[in-house]
Structure formats: C-alpha cells, structure tokens
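Peer 1: Read off the chains here:
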Amino acid sequence: MTALLDRFGAWLVDRLNPIVVKEIRQGMKGRLFHAWFLIVLCIGSIVTLVSSHLIDELDDVSFGRDVFLWFVFFSNFLALALAPMTAYLTISAERDDRTLELVDITRLRPSDVVRGKIFSTLTQALLYISALVPFMVFCYFLRGLDIPSILLVLAIQVLSSALFTTIAIAVATSIASRPVRLIVGALLALGFLTTCFLGLGAAFEIIREGVAAEIIRTLGETETRQVLAGILFVYTSTLALAYAVAVGNTSFESANRATPVRIVLFAQWLGFLALMTWVHLDGSHSPGTLVTFVLLFFALWFVAGFWLVSDPGRISRRTWRHLESRARETRFLLSAFLPGAERGVVFFLLPLIATPLLALGLRAWVPPDPARVSFGRFATGELFPVFLGLGAAYAAVYVLGPWLVCRLLRIHAAAKVRVAIVLGLLLGLTLPLLTLLAAEPQSLDFDLRLLVWGSNPVYALASMAEEDRIAWTLVRIALPTAGVLVVAAIAVAARRLLPRGPEEPRG
Amino acid sequence: MALVEIDNLSKRFGDFYAVRDVTFSFDRGSIYGFIGPNGAGKTTTMRILATLETASSGDLRLDGVSVLDYPDRVRERIGFLPDYYGTYANTSVRDYLDFFGRAYGLRGAELARRIDGVMEFTGLDALAEKATAALSKGMKQRLALGRVLLNDPDLLILDEPAAGLDPRARVEFRELVKVLAERGKAILISSHILTELSELVHGCAIIERGRIVRQGTVAELRAAARESRAEHETTAVRIELWRDEPATERVLTEQANVSRVVGGGRHYGLAFAGDAEGLARLLRSLVAAELPLIGFSSDEGNLEDVFMAVTRGEVQ
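These protein sequence lines are chains A and B, in that order.
With the first letter of the first sequence counted as 1, position 127 gets the number 144 in my numbering; the numbers rise by one all the way through.
With the first letter of the second sequence counted as 1, position 146 gets the number 255 in my numbering; the numbers rise by one all the way through.
In case anyone wonders, no lab produced these hints; they're calculated from the structure.
Please read these numbers as outputs of a predicted model, since none were measured by experiment.
Please note: incorrect hints may appear among the correct ones.
Between beta-carbon pairs, the in silico distance windows are [what the hints assert, rightly or not]:
#1 B:226 - A:199: 39 to 49 angstroms
#2 A:19 - B:311: 45 to 55 angstroms
#3 B:272 - A:126: 30 to 40 angstroms
The C-beta atom is built at its ideal place from N, Cα and C for all residues, glycine as well.
Using the sequences and the accompanying hints, generate a full structural model.
Peer 2: Below, the structure written as structure tokens:
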C-alpha cells in the first residue's frame, strides 16, 4: 500500500508545475507554515469550545452566525491578507536574490512561473482554510446559518484570494527598486487588511440577508443577471490584466511583453462597452452602479496606461520581424498592439477617445425614453458621453503628462518612467485634498473650491452622479488646470528626483 | 565554424556604450577567459550571451544559431553561472537540484539519474539533505555548477566563479572546470584572479571600457605584452604583503617611476619605468616606508602582466 501511494505521489509530482512542488516543499519545511497552522487549529478549537459552552446559556437563534463570522474574519485574514502578502514577499525575495532570472533561463515559461506562484500560494491558503472548515460546519448546527451562504462566503474568499495573490505578484514584479517595493508592500498589506474588514461586513450581509438564496431565487431577473455579469466582468478582467502584467514582467526583455497585455485590455474594453450598452438599453440600473463601474474601469486603465507607456519594446529581432509580417496586411489596426511606448500611448488613447464617441452613437441610435428619465440623466445617455469623456481626459492627463515629461527630460528607463507616472497620479489625487484640508473649505470661493476639487478625478466623476451643474463646471475649468498643474509639478519633480543619463551598466 | 561566435556586439544605454564592437570566438573543449576591470562590460556581454539581455547591435551565435534571434533554442544549450549563488531558504541540496531538473523538463528516473550524476561530480552527494542556505561558499558554488550541469549544456558561462572562495575551494573548482572542458564543453569564464586564470584558459580576451583591447591565446598575449612593455619601457612588479596595510596604495603611488598601481589587500601590481638599479631603489624605498613586505618580484610572463600592459585602468 505504501509503495502504491509513493508511486502515485511521484506520478502526481511529475505532472505538477515545478514551482508548485518547490514552493509547497519549501512551505512545509518552513516554521511559518507550521506556526500558522497551529494558530488556526488553536483558535478554531478555543472558539468552538467557548461557543459550545455558551450555547446552553443563550437562547439566540443567530448564535451560529455570530460564531461563524469569527471564523470568517480569521479565514479572511489568511486568504485575503496573509496569502497575497506571502506571494508578494516571496517574489520580492526572489527578485532581490535574483533567483527568478535563474528560473527564467530554464525551460519554464514566464506563464508557468506566475501560475506556479499563484497555485502554490492558493494551496497554502486552502490548507489554512481547510483547517477551519470543520469548525465552520460546526457553526451550522448552532443555528442562524444556511448552507448556500456558507458556500458563497467560502467561494468568495477563495476567488478573492486568487485575485489578490495575482495582483500582489503583478505589483511585486513591476517594481525593481527594493526600497520602493518595501513601501508599496506596506501599502498593499494595509489595503489587504482593510479588505479583510470589508469582507467581514460583506459576509455579515450575505448571511443576514440570505443573499445566496436570493440570488438563486432571482436568477431569472435582468437586474440580478446584470449585477452578476458586472461582478464577473470586473473580477475576470482584473484577474486577467494582473496575470498578463505579471507574466509580462517575468518575461525577458527580448520577448513580446506588450501584445498580451494589450489584448486583455482590448477585451476588457469590449466587455465594458457590452455591459454598459446592456445596462443602458435595459434602463434598469441606478446611477451609483454606473459610477462604480466607470470608476473601476478607469482605475484599471490608469494602471494599464502606466504600464503601457513605460514599455521599452526591446524585443528580439526575430519576434519583431514575425510581428511585423503578421501586421502587414492590417498594420493600421494592429500596430497599436505591437510593443513600444509610443504605440502604447496610441493604444491607450484610442479606446478612451472611441468610448464617448460610441456612447454618442448609441444615444443617437436609441432615442431617450421619457420613462427612463426618472433614473437620472445618465440613463438617457445625455450625460454618459461627458462622463466618459471627462474620465478619458483625466486618464490622458495623468498618464500622458508624466510620459511627455519623461520624453522631454530623456528619461528612458522603464522604472523611472513608471515612478514619474505614479508621482503624477499621487500628486493629482492628493494635492487637491491637502489644499482643501489646509485651507478652510467654507471660506473658499465656490469656483476656487471647484478648481481644487476638479483636479481630483475621483471627486469629479463621483460628483457628476449627484449634481449636473457642478459636473459641467468641472468640465470647463478642471481639465486644463489639472493638466497644467500636474505636468508642471512633474517637470520640476522629475528634474530633481530622477537622475538623467543612462542606466547603470553591469560588468 | 567555432561553437561560440560573438560578432561586433554592442550594447547601448542611451548615449552610453556598455559594450562596443566586441568580437571573439571559441570552440568546444576550450576554456576562454574574459578579463577586464570592474565596469568594463564583461558581465553585460555574458548576460547577453546567456539570453538575459538584448544587444543594441551585432550578433552572437551558438553553433550557428543566433542568440538574439532564437533565444529559446539557445537557452536549452547553455548553462549560466552568475556572480551570485541563487539558493533558496528551506530547501535541501537534493530538492534544489530536483526543482531545477524539473524546470529543465526532466522527470522520473532520468531526473534522478542526472541529479545523482551531478552530485557525484560536484562532490555534493554527502550533503544531499543539507539546507542550501547552510552551505559554505565553496559548496554553494559547486551546487550552482551542479544546477547548470543538469541540463547537460554545450556552453558554460561562468561569471567570476572563484570570487569569494577560499584557496582550496578555488583549486577544486578549477579542477572541475578543467574536467568539463575535457568532456567537450565550451567554457567562457571571467575572473579577477588572473594568475589562476592563466593556468586554466586556452585563450582569452581583455576588455576595457566596453571594447576588446587584446585577444588571443595566452602565449600570444604574453608576446604582445613583452612588445608593449619594451615600447613603453615599463616593467611589471608584483608585491605581496604579510598583512593588509591601508596605506599601501598611497605609498606605492607616491614612488618615483611608478605609473600605475592595481590590486588591493595583500597583493599589488605596479607598472614601473626603470632598470634593475631603479627596481632596487624602489624596494629599499618600500622597506623604508615600513610596508610589511614579504614578496617583491618583476615578472614578465603571466596574464596579470599582460593585463597591466594592455589596460589603462580606466573605468566608464
């Protein structure tokens, strides 16, 4: 029997991704894994023992739910914070020790490396959660819970863990500088921890409102389908983008890193258009939903744009010839998908310009229905193009401004271009806030406040859903102001903070 | 056609050339030395050959296959040993080799046979279950060599493999390299320890500021160095101290007729313009300066002298 199991183990290991095998072996030998596993078991046992004792004293029908939320909080921490941060730190350590490039020159492809990292991290997270599952099932017998809710919460945890892990890997592989990686890592950890708390609130709502059962019951309704399609779209497109960026960053500079990312972005744009058209034609949405989706879309495009415009495009001659020959017939359309920062800028701009135009076309095609006016001016299509146009212009200003500055200052290194773009984005987002905090907002003139407010795209976009007059004023005054301010600030910052000249040679 | 051909290779960072018009070639079974001061472009050239970086112009071919055009094909036939070890935490020697073997596409009995083979060759079989992080530098270097041998490559690229090793580990590593060359591997090796390299290499190229300043067999380079020295009327002097003395470089630089000083720690080399009487005066002066001198020789025959003669010590 033992020999049979050994043979099966060897057979399985031979078929698994080598990275998964290595990482799991490393994890099992590390003290951290054992320590966390022990902590998980101890907490599970203690909570179960205490709740078993209390159940006799309390006659609370929702007691099982309260105990379950404790486990959710802890498993959220393991799946949504510990697992992604482990992946982030592992990749960072591999970059520092330069073991990643030793793996790169083996037969493993960059996609194998990234998938291996994701699956090994998920396996460890699942091992932690599996230790909690018996305790979670125990909660079911304490009343106040239904099986679909438990399964939905667990499924969301696992899917979120996969997404956060992929994002963590994409971020870790994007940053070359160790100090920057440490700072970003701390911010990322803070973000993941915040998500743990938000996830706890979501789990509470799912269980209290019986969301799982409600979804099953209303699956035939358009609103439910739209919400599910929206969530699925945001999830898959973000996951695909993070994965493509991580694979691109892990690839050699001679490989074509750009085209897969651009294909994912293009598919994302098409998906976004399809979703928005569906929502628009159906007219059963709320402006808040639209704002959320558009903000998410632009957030992703900010990230993507920042990656695209810093693409060095140093691919091998053969790959280049291959791409060019394939693009010959449809060069005009396909050249934006080819590597290179300038083509990245073109690729970045085209959908941003095309989206409001398509929205205008859609408006002309489907005339406003008076019955839909009650949903606000978004639903009529009147404000939709302006909304997208403003977002597109902000994205262009915040990404193109720093890119332009980098070109003028002859900053070519991808890492430095990215630093300049991040600085531009941070300045654009935080300066208005800081200015408002420093001065008394009440004492400011209304137009001046708008000027400051308008330079922050998040405020501007969100305000459009609430008050059209403010939105239209923002369109007039905010864009040129924000553009000039950011470009000027970055020009000064880039000149002082970013050294000019070539990259440091090796050897 | 030689197995490895590097043809007018250049690598540019903006306006700056890290490597410029580098051309050399070597064949199977030969050990080719790549010598140059820090920042000369050795590692950049090696990394381009290892497919880790791209070139700005020129070409590199392995058995006629362009490294720049077909990096995937070339990767399967090379082993790159960089100037760092690349070990993992919580990983034993066997697990480390097992991982890289799998990464090279080996599985099952073939993988086990290769791992046993490289562990025996590198002398790591007794340390199979030891954590890689706990290995000595010499053993880590052997492990790294074992890693690249798993793939049974035609070309080995060894970047400063002897750096940081103790004398015994250096000698042992050198012997392993010789055996690999005898087995038909082409080996490109860079090192700062030129005396050792001269006993090992069949040919070498000297690079400075991204350009090859001299190349050929060791005998050819020695002859060229003698000519150069006669032309410039300089003598290479080697100095050995019994302990590290911080003031040594300053004292040596201040001496009359000393045009260049290289080295550090307990070993220095000088370019000295003068005759035997001048050498005697130099020796007296160094003793008077209370340097802890235990060796003083003028040598015209080794690679270090060649290096001293053809390079200017300029960094870029």
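Peer 1: Would you mind marking each hint as holding or not holding in the structure?
Peer 2: Evaluated hints:
1. B:226 - A:199: 39 to 49 angstroms: The hint (39 to 49 angstroms, Cβ to Cβ) holds, given that residue 226 (chain B) and residue 199 (chain A) are roughly 41 angstroms apart.
2. A:19 - B:311: 45 to 55 angstroms: At roughly 53 angstroms between Cβ atoms, residue 311 (chain B) and residue 19 (chain A) fall inside 45 to 55 angstroms, so the hint holds.
3. B:272 - A:126: 30 to 40 angstroms: 31 angstroms, holds
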